[in-house]
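Here the first sequence stands for residues 1 to 641, where the numbers follow the numbering used here.
In case anyone wonders, no lab produced these hints; they're calculated from the structure.
Think of the CB as a built atom: it goes at the ideal place given N, C-alpha and C, for glycine as much as any other residue.
Be a bit skeptical, because a hint or two may be false.
Keeping only pairs whose Cα atoms sit at most 30 angstroms apart, straight-line, the calculated DSSO-like set for lysine-lysine is [stated by the list, open to error]:
1. Lys211 with Lys112
2. Lys584 with Lys240
3. Lys533 with Lys246
4. Lys226 with Lys240
5. Lys152 with Lys112
6. Lys123 with Lys240
7. Lys450 with Lys437
8. Lys240 with Lys116
9. Lys130 with Lys112
10. Lys444 with Lys427
11. Lys147 with Lys211
12. Lys246 with Lys584
13. Lys123 with Lys197
14. Lys246 with Lys116
15. Lys437 with Lys427
16. Lys368 with Lys427
17. Lys584 with Lys621
18. Lys130 with Lys116
19. Lys621 with Lys581
20. Lys437 with Lys504
21. Lys581 with Lys240
22. Lys368 with Lys246
23. Lys533 with Lys561
24. Lys116 with Lys226
25. Lys211 with Lys368
26. Lys621 with Lys533
Quick list of the computed label-pair ranges, beta carbon to beta carbon [said to hold, decoys possible]:
27. Trp283 with Asp502: 30 to 38 angstroms
28. Lys497 with Pro97: 46 to 54 angstroms
29. Glu159 with Glu122: 25 to 33 angstroms
30. Ala151 with Gly208: 26 to 34 angstroms
31. Ile324 with Ala554: 54 to 62 angstroms
32. Glu457 with Val140: 30 to 38 angstroms
33. Lys444 with Arg346: 25 to 33 angstroms
34. Arg276 with Arg351: 35 to 43 angstroms
35. His268 with Lys497: 43 to 51 angstroms
36. Val136 with Glu210: 32 to 40 angstroms
37. Asp585 with Thr111: 44 to 52 angstroms
38. Thr111 with Leu163: 25 to 33 angstroms
39. Arg562 with Leu323: 52 to 60 angstroms
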Amino acid sequence: MRPAGDAGRVAQIHASAGVGRSRSACQVGRARKSTPAPRSRSPRTAQANSERGMSNESAASQVGEPFPLSTLRHSVSHLMASAVQRLYPGVSFGFGPSIEHGFYYDFDLPTKLEEKDLVAIEKEMRRIAKQTPQIVREEVTRAEARKRLAAKGQGYKLEALDLIPEDEAISVYRHGDWEDLCEGPHVDRLDRNFHFKLLSLAGAYWRGDEKRPMLQRIYGTAFWSKEELDRHIAWLAEVKERDHRKLGTELDLFSTHQEAGAGFVFWHPNLGAVRRAIEEFWWEEHQRRGYEPVYTPHVLREQVFAVSGHLQNYADMMYSEMLIDEMPYRVKPMNCPGHAIMYRTRNRSYRELPLRWAELGTVYRYEKSGVLHGMLRVRGFTQDDAHIFCTPEQLEEEIAGVVELIRMALSTFGFQYTAYLATRPEKAIGSEEVWAKAIQALEKAAEREKLPLVLDEGGGAFYGPKIDFKVRDALGREWQNSTVQCDFNLPERFDLKFTDSDGKEKRPIMVHRAVLGSLERFVGGLVEHFGGKFPVWCAAKQVALIPIREEHAAYVRDLGKRLRGDLFRVECMDAPGHMNKKIKDAQHAQIPFMLIAGDREAAEGTVAVRRRGTREQVDMKFEEFVALLERLRRTRSLELN
RNA sequence: GCCAGCGUGGCUCAACGGUAGAGCACCGGUUUUGUAAACCGGCGGUUGCGGGUUCGAUUCCCGCCGCUGGCUCCA
Numbered sequence: 001m002r003p004a005g006d007a008g009r010v011a012q013i014h015a016s017a018g019v020g021r022s023r024s025a026c027q028v029g030r031a032r033k034s035t036p037a038p039r040s041r042s043p044r045t046a047q048a049n050s051e052r053g054m055s056n057e058s059a060a061s062q063v064g065e066p067f068p069l070s071t072l073r074h075s076v077s078h079l080m081a082s083a084v085q086r087l088y089p090g091v092s093f094g095f096g097p098s099i100e101h102g103f104y105y106d107f108d109l110p111t112k113l114e115e116k117d118l119v120a121i122e123k124e125m126r127r128i129a130k131q132t133p134q135i136v137r138e139e140v141t142r143a144e145a146r147k148r149l150a151a152k153g154q155g156y157k158l159e160a161l162d163l164i165p166e167d168e169a170i171s172v173y174r175h176g177d178w179e180d181l182c183e184g185p186h187v188d189r190l191d192r193n194f195h196f197k198l199l200s201l202a203g204a205y206w207r208g209d210e211k212r213p214m215l216q217r218i219y220g221t222a223f224w225s226k227e228e229l230d231r232h233i234a235w236l237a238e239v240k241e242r243d244h245r246k247l248g249t250e251l252d253l254f255s256t257h258q259e260a261g262a263g264f265v266f267w268h269p270n271l272g273a274v275r276r277a278i279e280e281f282w283w284e285e286h287q288r289r290g291y292e293p294v295y296t297p298h299v300l301r302e303q304v305f306a307v308s309g310h311l312q313n314y315a316d317m318m319y320s321e322m323l324i325d326e327m328p329y330r331v332k333p334m335n336c337p338g339h340a341i342m343y344r345t346r347n348r349s350y351r352e353l354p355l356r357w358a359e360l361g362t363v364y365r366y367e368k369s370g371v372l373h374g375m376l377r378v379r380g381f382t383q384d385d386a387h388i389f390c391t392p393e394q395l396e397e398e399i400a401g402v403v404e405l406i407r408m409a410l411s412t413f414g415f416q417y418t419a420y421l422a423t424r425p426e427k428a429i430g431s432e433e434v435w436a437k438a439i440q441a442l443e444k445a446a447e448r449e450k451l452p453l454v455l456d457e458g459g460g461a462f463y464g465p466k467i468d469f470k471v472r473d474a475l476g477r478e479w480q481n482s483t484v485q486c487d488f489n490l491p492e493r494f495d496l497k498f499t500d501s502d503g504k505e506k507r508p509i510m511v512h513r514a515v516l517g518s519l520e521r522f523v524g525g526l527v528e529h530f531g532g533k534f535p536v537w538c539a540a541k542q543v544a545l546i547p548i549r550e551e552h553a554a555y556v557r558d559l560g561k562r563l564r565g566d567l568f569r570v571e572c573m574d575a576p577g578h579m580n581k582k583i584k585d586a587q588h589a590q591i592p593f594m595l596i597a598g599d600r601e602a603a604e605g606t607v608a609v610r611r612r613g614t615r616e617q618v619d620m621k622f623e624e625f626v627a628l629l630e631r632l633r634r635t636r637s638l639e640l641n
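With the hints as constraints, model all of the structure from the sequences given.
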């Protein structure tokens, strides 16, 4: 991945709460890097920034910076646009806002920009900043604005002008011979002390509409201080270094194959081990909370999805039919219809509710080719899915249980998180009353679990309200994985019933929930979160055994056997070769512990222990080391001591 | 899907109209070493696939597949 290109992506990682976007019954929280939404900034942006030690607007004004960072960045985007105009006469301008980590500007120009052109543009920007530093604001009449834009042939800007409400003042900002229709504000002068860098190029539809022309977008960033810019660039480098696709190759974790088709992940043994460890953890914690494992088929008759409603509404995401005995079947894009069918196999009594059915269910969905991304956006993935069938009275208790489980799981991986309560959207099924009750149950459950909720007004699915969790990883980036959703729709569609204590048939509520989201996305994200340095409990290999000379191989082989007997994952490096190389290899493989043994250790039954990330070695009795390892595994410690 | 860029041994990269090369990895030999790469040698590529232009294509053109950065999308 190219640094500049990567920067463009990263520059936009911030939350889009998904407000107003409804999700289907079974879209249980697929984690994703949040979509860019330049105009609607996340309330958590500043927090995420400061966590990385980056400056943010309030911090900037605190230290007496004359303008907020976003103002600076917006002005630098203007500066960039003026440089582009000088270098590429005939350019039409789109929008050029400040965004979370920088800014961009969209251009319609006859030539295709290349990365190397950015250098020339930067140079021109510096020249302009020196030559015509003064930025001037001018209020003009609508007619005047229109006249000027028309004279310059700025069609996109003319359209932008029409977007401005009638009663609003119309302003242009000018420096030198360049001016832009813009509401501002801007910094006063471009020769103030600030630092910027152009980062990447991308295509972007005019006004985000795929039916409209594709413009060329340049991303860049700017800071008041050189240190902050440098820190940001270093951060981008760190992000690139930790990219799960890069580490995926280096650590032999996974692959995808041209010959096998895009978007299908092959888990290599190393990542298989990580996944197994996580799955075991997952099952253990679910069993502990009264979940029961279920397994449902991957291919079902099409009519099942007609009943669930997915076929009608979301056919675009589903793979086409296959005929079995001349009847149409579909690969499942979600697990819930299968669970609903199982629920119906017999009459259900209130006495057996709630039912908590969990399945690591693999689903297949059509994703457009351009959106596929390593393990994070794929066409086949396994959800850590579960459905809870319960009575309305049980809802609060069940939600509380899910919230507790999610928090426990996220903490285990060292994630910080924020929870959002998504309420009734405009288009929704179910009565106001049912919604209000369910929302109340969610709120009360959160209260009970002492979980603060951020309100996402109208952000619920059409079939019910939900709580979404966004986690922040070690690099300060946000992901959405966990979710708990109430569903009034599917019980209706599948005509699910239970007989209540009064003898009457009633509808259960179905709760969809995912803790990890999809294993592909979660584990892919985890690779980046840990930078390949997995904690002992889920590391691919937990211990590397290294003999000092070949004659010590038997000793380490014996230790390896004993460790494997205790179900530890061991890399026994007993093949011919040099110790130093083995140490290097173990280091590169990010194995948490190296046990090095020679004459002394073999004689005393000890091992020289070297922890990942240090060069120190500690001599320990082998049993002592095993006890340490066992404790780290049992407690799922994030530390190595 | 759209815009742009890219696709050379397992990996990282070079060559760019004239017989495809390096390092790492791998294999063999020598070496037997106390904490990040021993030494020598060898194997390995129909340059993503298909078509075209050319005396000659990895190089130029077209189509497909895949990858990268964004955009749109993710029930």
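Evaluated hints:
1. Lys211 with Lys112: holds, 20 angstroms
2. Lys584 with Lys240: holds, 22 angstroms
3. Lys533 with Lys246: Holds. Lys533 to Lys246 sits at ~14 angstroms (cutoff 30 angstroms).
4. Lys226 with Lys240: holds, 21 angstroms
5. Lys152 with Lys112: holds, 21 angstroms
6. Lys123 with Lys240: With a Cα-Cα distance of about 26 angstroms, the restraint between Lys123 and Lys240 holds, given a limit of 30 angstroms.
7. Lys450 with Lys437: holds, 19 angstroms
8. Lys240 with Lys116: holds, 20 angstroms
9. Lys130 with Lys112: At roughly 27 angstroms apart (the allowed maximum being 30 angstroms), Lys112 and Lys130 satisfy the hint.
10. Lys444 with Lys427: Holds - the C-alpha atoms of Lys427 and Lys444 are around 25 angstroms apart, at most 30 angstroms.
11. Lys147 with Lys211: Cα-Cα ~27 angstroms, so holds.
12. Lys246 with Lys584: holds, 19 angstroms
13. Lys123 with Lys197: OK: Lys123 and Lys197 at ~10 angstroms, within 30 angstroms.
14. Lys246 with Lys116: holds, 24 angstroms
15. Lys437 with Lys427: Holds: Lys437 and Lys427 sit about 18 angstroms apart, inside 30 angstroms.
16. Lys368 with Lys427: holds, 26 angstroms
17. Lys584 with Lys621: Since the Cα atoms of Lys584 and Lys621 sit roughly 24 angstroms apart, the hinted pair holds (cutoff 30 angstroms).
18. Lys130 with Lys116: holds, 23 angstroms
19. Lys621 with Lys581: This hinted pair holds, its Cα atoms lying about 25 angstroms apart.
20. Lys437 with Lys504: It holds: about 21 angstroms lies between the C-alpha atoms, which stays within 30 angstroms.
21. Lys581 with Lys240: holds, 26 angstroms
22. Lys368 with Lys246: holds, 23 angstroms
23. Lys533 with Lys561: The given pair, whose Cα atoms are some 24 angstroms apart, holds under the 30 angstroms limit.
24. Lys116 with Lys226: At roughly 22 angstroms apart (the allowed maximum being 30 angstroms), Lys226 and Lys116 satisfy the hint.
25. Lys211 with Lys368: Distance of about 16 angstroms is within 30 angstroms: holds.
26. Lys621 with Lys533: holds, 25 angstroms
27. Trp283 with Asp502: 30 to 38 angstroms: At 37 angstroms between Cβs, range holds.
28. Lys497 with Pro97: 46 to 54 angstroms: Roughly 52 angstroms apart at Cβ, these two residues keep to the hinted range, so it holds.
29. Glu159 with Glu122: 25 to 33 angstroms: holds, 29 angstroms
30. Ala151 with Gly208: 26 to 34 angstroms: 27 angstroms Cβ-Cβ, so the 26 to 34 angstroms window holds.
31. Ile324 with Ala554: 54 to 62 angstroms: holds, 57 angstroms
32. Glu457 with Val140: 30 to 38 angstroms: Check passed, 37 angstroms falls within 30 to 38 angstroms.
33. Lys444 with Arg346: 25 to 33 angstroms: Between Lys444 and Arg346, where Cβ atoms are some 32 angstroms apart, the hint holds.
34. Arg276 with Arg351: 35 to 43 angstroms: holds, 36 angstroms
35. His268 with Lys497: 43 to 51 angstroms: Holds, since His268 and Lys497 (Cβ atoms, about 46 angstroms apart) stay within the stated range.
36. Val136 with Glu210: 32 to 40 angstroms: With Cβ atoms ~37 angstroms apart, the hint holds.
37. Asp585 with Thr111: 44 to 52 angstroms: holds, 48 angstroms
38. Thr111 with Leu163: 25 to 33 angstroms: holds, 28 angstroms
39. Arg562 with Leu323: 52 to 60 angstroms: Taking Cβ atoms as reference, Arg562 and Leu323 lie about 55 angstroms apart, which means the hint holds.
Comparing the model with each numbered hint stated earlier shows that all of them hold.
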